[in-house]
Every structure is written in structure tokens, then in C-alpha cells.
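**Student:** Residues per chain are reported as follows:
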Amino acid sequence: MQANVSTSSYKQLEQKSKIRNMFLRWFLYFVLILFASYFIFPLYVMVVTSLKTMEEIRQGTLLTWPSALNFESWAVAWGGRGYGAGDTFLRPYFWNSIKMVVPAVFFSTFIGAMTGYVLTKWRFKGDQWVFLFLLFGCFIPFQAILLPMARTLGVLGISNSILGLVVVHIVYGIPFTTLFFRNYYVSVPTELVKAARIDGAGFFKIFFKILLPISAPIIVVTVIWQFTQIWNDFLFGSTFSFGEAAPIQVALNNMVLSSTSVKEYNVDMASAIIAGIPTLIVYVLAGKYFIKGLTSGAVKG
Amino acid sequence: MKTLKIEDLSKNFGTTEVLKKINLDIDEGNFLVLLGPSGCGKSTLLNIIAGLETINEGNVYIDDYNVSKVEPKDRNIAMVFQSYALYPSMNVKENITFGLKQAKTSKEKIEEQLKKISSFLQVEELLNRKPSQLSGGQRQRVAIGRALVREPRIFLFDEPLSNLDAKLRVEMRREIKKLHQTLKTTVVYVTHDQTEAMSLGTKIAIMNHGVIQQNDTPEIIYNKPSNTFVADFIGSPSMNLIKGKIIKKSDQISFLGENSNNDIQIPINNYNFDKKIELDNKEVYFGIRPEHIYYKKSNEADFEIKLKADLSEYIGHEQIITFNYSNQEILAKFPSTVKIEINKEMNLYFDLSQISLFDKNSKERI
Chain G
1 MQANVSTSSY
11 KQLEQKSKIR
21 NMFLRWFLYF
31 VLILFASYFI
41 FPLYVMVVTS
51 LKTMEEIRQG
61 TLLTWPSALN
71 FESWAVAWGG
81 RGYGAGDTFL
91 RPYFWNSIKM
101 VVPAVFFSTF
111 IGAMTGYVLT
121 KWRFKGDQWV
131 FLFLLFGCFI
141 PFQAILLPMA
151 RTLGVLGISN
161 SILGLVVVHI
171 VYGIPFTTLF
181 FRNYYVSVPT
191 ELVKAARIDG
201 AGFFKIFFKI
211 LLPISAPIIV
221 VTVIWQFTQI
231 WNDFLFGSTF
241 SFGEAAPIQV
251 ALNNMVLSST
261 SVKEYNVDMA
271 SAIIAGIPTL
281 IVYVLAGKYF
291 IKGLTSGAVK
301 G
Chain V
1 MKTLKIEDLS
11 KNFGTTEVLK
21 KINLDIDEGN
31 FLVLLGPSGC
41 GKSTLLNIIA
51 GLETINEGNV
61 YIDDYNVSKV
71 EPKDRNIAMV
81 FQSYALYPSM
91 NVKENITFGL
101 KQAKTSKEKI
111 EEQLKKISSF
121 LQVEELLNRK
131 PSQLSGGQRQ
141 RVAIGRALVR
151 EPRIFLFDEP
161 LSNLDAKLRV
171 EMRREIKKLH
181 QTLKTTVVYV
191 THDQTEAMSL
201 GTKIAIMNHG
211 VIQQNDTPEI
221 IYNKPSNTFV
231 ADFIGSPSMN
241 LIKGKIIKKS
251 DQISFLGENS
261 NNDIQIPINN
271 YNFDKKIELD
281 NKEVYFGIRP
291 EHIYYKKSNE
301 ADFEIKLKAD
311 LSEYIGHEQI
321 ITFNYSNQEI
331 LAKFPSTVKI
341 EINKEMNLYF
351 DLSQISLFDK
361 NSKERI
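Residue numbers (our numbering), protein chains in the order written: chain G, 1 to 301; chain V, 1 to 366.
These are calculated hints, taken from the structure and not from any lab test.
Be aware that a few hints might be false.
[Unchecked claim] Listed below are the simulated DSS-like cross-link pairs for lysine-lysine, each with C-alpha atoms no more than 25 Å apart in a straight line:
1. Lys-282(V) x Lys-209(G)
2. Lys-205(G) x Lys-93(V)
3. Lys-288(G) x Lys-130(V)
With the sequences and hints as input, model every part of the structure.
**Tutor:** Next comes the structure, spelled out in C-alpha cells:
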């Protein structure tokens with residue numbers, strides 16, 4: 001008897017928890033879909049608007065689907081209308097940004113890796129102070145250093161040049177990249193370095209042959225971070241460059257704000273998307289390697 | 001000629017003294033184990049021998065040559081680490097040959113060495129695998145292979161078995177012992193595990209607080225610990241150290257436990273005193289190992305005593321019984337087949353040929 005009573009009450013409880021779990025699951029999906037649409041909505045508006053003609057934009061609403069796939073505004077955003085003076089378009093500035101971002105990301109990542117390696121595997125007296133000051137660099141607001149940096153660039157003779165921007169971004173990237181690599185290398189057993197030293201490898205050999213090959217995950221993280229920072233930077237770009245030498249974000253701003261007659265929303269939207277595409281590509285491509293690097297988990301030899 | 005000699009070696013990290021005036025030497029072919037609790041400086045000492053750590057004072061000699069300022073790679077040593085420290089991005093073959101390549105060894109020689117070592121350690125079929133694809137025991141083997149291939153004068157092992165599970169540890173311990181018997185290379189081996197130390201070492205140096213407490217063969221360390229630290233550290237459960245004093249009446253020397261009544265005096269006439277000292281009324285520790293307390297008389301000289309059993313711990317092949325000796329705990333180890341009643345007095349027999357006496361103040365053996 002006793003057994004039967006408890007069995008039936010277990011059944012009731014089981015039924016209850018089933019219903020509860022189902023409700024929670026649907027609620028979870030609902031919230032997820034809500035947030036996903038909240039984030040996807042602006043992108044949808046941008047893409048849709050960029051494909052419309054000005055006529056359509058004026059007549060329809062934000063959400064209306066374009067009547068036809070019209071890439072004209074994309075062409076205008078990228079290559080201009082070809083009437084000479086006053087015709088701002090993104091192509092040259094896009095290449096400016098590429099010329100800036102590639103060396104800046106490469107060198108800041110490389111220097112960060114080296115510094116992180118030294119700070120963890122070749123400890124020296126006062127190294128924690130060096131690290132502390134580097135960390136300090138992460139917290140300095142960029143606005144605070146605009147003037148001294150402008151002066152420095154002037155003295156070096158590289159103001160208003162892409163080289164100047166590269167230097168600025170390398171300098172301001174190093175605190176972050178060092179932090180990333182240091183924290184990664186801290187978890188790599190120092191015994192690896194000791195073993196390599198006994199095997200006769202020196203400072204650079206250990207770095208290039210032992211540590212760098214297992215750094216893929218953190219390199220990807222650093223590259224994503226640095227690329228996003230540098231590509232999307234507006235403050236340094238607008239302060240230290242103008243005209244021909246400006247990076248894409250500055251050009252985008254000039255283009256959108258300096259339109260003479262009517263606001264061409266479709267061209268503006270297309271330009272904004274073009275300016276954002278490279279970061280997206282980096283995320284999509286590198287994100288895959290990032291996960292690969294994490295799952296292969298080769299660090300613990 | 002000593003294969004390894006350490007002379008007045010001191011090392012400090014900032015204001016903490018890690019090693020204090022260490023003197024140590026090893027003859028060719030010996031297996032020296034550095035044993036001690038964590039933080040006693042044993043690993044630092046090993047790193048100094050390897051040249052991975054700088055010296056503050058003193059010197060290290062290998063084959064009578066002062067190597068204190070010589071690079072690790074030129075010291076003719078090889079080291080096996082606790083975490084194995086296999087290069088994660090290289091396969092087994094590259095791991096083993098990395099050192100030879102650094103030393104610009106010829107291709108033929110490298111191939112030859114690789115073949116020899118990999119067949120010796122039975123890792124031939126693993127040569128193309130990455131360390132992450134190996135089991136703990138295999139990694140251990142490859143790490144040893146990487147050390148062997150250098151054909152060093154001295155092998156340094158830094159707790160090489162601590163990362164393995166209990167069963168594998170015993171297996172690898174035997175393999176290391178075999179390895180040493182076959183190759184007869186000098187070994188310095190760091191561990192905190194006394195069983196490892198006892199079973200592997202031809203000599204054991206017990207360290208504590210940066211000082212070598214005793215450096216001798218496993219038998220002497222076990223039977224004649226030079227101070228209470230060694231007595232307490234070696235053995236499981238460790239040696240009973242009974243507080244009390246020595247009483248000397250005419251020709252009769254005996255030990256009287258603290259708080260114990262005058263009838264229970266343990267005669268210690270046959271004890272071999274290391275030092276000539278004034279014995280009467282000397283405060284001492286009377287040391288006897290749990291395994292040297294018997295439940296039946298086995299020897300005429302055994303000292304018979306009646307004690308109450310307080311606690312029994314069953315551990316399979318044996319049992320550890322805690323007795324009350326005038327309010328001091330005494331542990332004894334018996335086969336688990338013997339029936340012991342708790343809270344009852346029983347006759348025990350101390351094997352007086354196996355005791356140690358220590359000065360209560362200096363903690364040194366007397």
C-alpha cells in the first residue's frame with residue numbers, strides 16, 4: 001500500500017516538472033528570439049535601405065522590402081559618381097585603412113607576444129612594475145593623450161600620414177596585446193622553457209619554435225581585438241589625419257555629413273555597410289580558427 | 001673524482017633563504033634522491049644543478065669541473081620534468097631529437113640515436129604522434145627518451161611520477177629503477193614521496209628548510225634517523241616519539257616516560273649512543289617505529305608493557321592501533337588478522353634493538 005501511494009505521487013510530481021520544463025523552454029526561446037530580432041533589426045534596415053532607390057525610400061516605410069535589388073547606391077558609395085571635385089567615395093580611404101590596419105595589427109600583436117613571453121618566462125627584477133605600467137596604458141583615456149601625441153608625431157615628421165596612424169595604433173595596442181599574451185603564457189608551464197634551454201635552444205628559438213606554435217588561440221583573439229579597434233577607430237583617424245590620408249571611418253563621416261543637396265540614405269547605408277564588412281569578415285574567418293585552437297587544446301603537453 | 005659535487009651552496013629569493021650552505025656529493029653511478037616536504041628547497045637545488053637557476057654563493061662541480069657559470073646545455077646533464085614538458089607543437093620524434101638538432105648533430109647520428117632510444121623505450125609506433133595524443137605513461141616515456149638521447153653524465157628527475165595515477169606510478173617507478181640498473185648513469189631525483197625515495201635511491205638526502213638533514217643509504221635513514229625530523233618524515237605511520245628522560249643508576253640506564261610512574265622504566269643499556277654525553281636526567285625523545293611494537297614476544301630482549309588500546313584503523317593487510325602510554329599516543333602496526341579489543345589493556349613488546357633516542361632540545365640523535 002505504502003509503495004503504491006508514493007508511486008502515484010511521484011507520477012504527479014513528474015508530470016508537474018514536465019509541464020514546468022516545457023513552459024520554461026518555450027519562454028527561453030521566446031526571449032532568445034526577441035533579443036535576436038532586436039539586434040538584427042538595424043542591420044535589416046541598413047541592408048534594405050541600401051538596396052532601394054531614393055524614390056522608394058520616400059514612399060515606403062523603413063521595413064518595406066525593395067522592389068528590385070538595386071546595387072547602384074553601393075557603386076556610388078564605393079566609386080563615386082565621377083564628377084570630380086566634391087565627389088567623395090570610399091575606395092581610396094578603404095585602401096588607406098587596409099594599409100594602416102595590416103601593419104598596425106601585425107606589429108602590435110608581435111610585440112605583445114614578445115613582451116608577454118619575456119614577462120612570464122624570462123622574469124627579471126621589477127618585471128611586475130613594467131607590467132603594471134603597461135596595464136596602466138589600458139586605462140588611459142585616448143582623449144587625454146591627443147595633444148602630446150600630435151606633438152610627438154609632428155616632431156617625428158609623420159603627422160597626417162598613414163605611417164603616423166600605424167605608429168599610434170601600435171603604441172596604444174601594446175598594453176592590450178601584452179595583457180592578452182601574458183595571461184596566456186602564464187598558463188603555459190615554464191618547464192617547457194627549461195626543457196628547451198637544456199636542449200640548447202636560446203631566447204628566440206624558444207619563442208618561435210616552442211611558444212609561438214601553441215599560441216594560435218590567443219593570436220586569433222588578439223588579432224580580432226586589434227583589428228576591430230583599429231579599423232573602427234575614429235578619434236585618432238580624425239585627429240591625426242585629414243584629406244587624402246584619412247582612414248575609412250573618417251571618410252564615411254565626411255561623406256555622410258557633407259552631402260550637399262539631399263540626404264541620400266541609400267548611399268549612406270551602403271557606405272556604412274562597406275565600412276563594417278572587413279571586421280565582419282575577420283570575425284567569421286578567425287572565429288572558426290579560434291574555436292579550433294581552443295578545442296585542440298595542445299597547451300598541456 | 002666525484003661525478004657531482006656541491007660546495008657551500010646558498011640561494012635566496014629576495015630575503016627568503018631557500019638553500020643554506022648545502023654540501024653534497026655523488027659518486028659515479030649512484031642514484032641520489034632529494035627528499036623533503038614541499039618548499040624545502042629540493043627542486044631549487046635540482047634547478048641549480050641543471051643551471052636553470054643562478055647561485056648566490058658556493059659552487060657546483062661536475063666531474064671536478066666548476067660548472068657554476070656554465071650554460072645548462074653545456075653541463076652534460078638531462079632533465080625530466082614533472083609536467084613532462086614535451087613540446088606540444090612537435091611530434092614524439094621531433095621532441096626526442098630537438099636537443100640533438102640544436103647541437104648540430106649529423107643527420108645519420110640523429111637517426112641512429114632515435115632508433116636506439118625509441119626501441120629501448122618501446123615508443124617506435126608513437127613517433128608521429130603529438131604529445132596531446134599520448135597517455136600519461138607514454139608521455140613519461142617520451143620525456144625520458146628526450147633525456148636519454150643526450151647521453152648525459154647525470155640525469156635529473158624533478159618529481160617525474162607525481163602526475164601519474166597510483167597504479168601507473170608504481171609501474172613507472174620500477175621502469176626507472178630498471179633503467180638505472182641497465183644504464184648505470186648517475187641520477188639525481190627529486191620527490192616528496194618516501195616510498196619512491198626508499199625504493200629508488202642508493203642514497204637519500206632528506207631536506208628541510210633549505211638544509212640537508214641527513215644524507216645516507218635508505219637503510220641507515222630508516223634505522224638510524226639523525227634527528228626527529230627525519231624520524232618523523234620517514235615511515236608511515238611515522239616513528240613514535242615518546243617524551244621522557246633518561247635515568248642512570250649505577251650500571252642501569254633506563255628511560256622513564258613523562259607522567260609515567262616510576263615502575264615503568266624501559267632499560268636501554270644496550271643502546272648504542274652516538275655521542276658521549278651526560279645521561280642522567282637528560283630530557284629525550286624515545287623513538288620506536290610502529291612496526292617494532294609487537295603483540296607477542298619474539299625475542300628475549302623485548303620489553304613487555306601493558307597498554308590500553310584507544311583506536312583501531314583497519315587498512316586491509318594491516319591495522320594501526322593507537323595506545324595510551326601515560327597520556328602520550330603510541331601507534332603500533334599489526335597484521336589485520338590479530339584480534340584487538342578497544343578500550344582494553346593488552347601486553348605489548350617493544351623491540352629495543354630498533355629504538356632511537358633524540359635530545360629533546362637539539363632534536364638530534366644521541
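**Student:** Now tell me if each hint is right for this structure.
**Tutor:** Do the hints match the structure? See the list:
1. At roughly 64 Å between alpha-carbon atoms, Lys-282(V) and Lys-209(G) are farther apart than 25 Å, so this suggested pair is violated.
2. Note on Lys-205(G) and Lys-93(V): the hinted pairing holds, with a Cα-Cα distance of about 18 Å set against a maximum of 25 Å.
3. For the hint linking Lys-288(G) to Lys-130(V), the alpha-carbon distance of about 22 Å falls within 25 Å, and the restraint holds.
Going down the numbered hints, you'll see the structure goes against just number 1.
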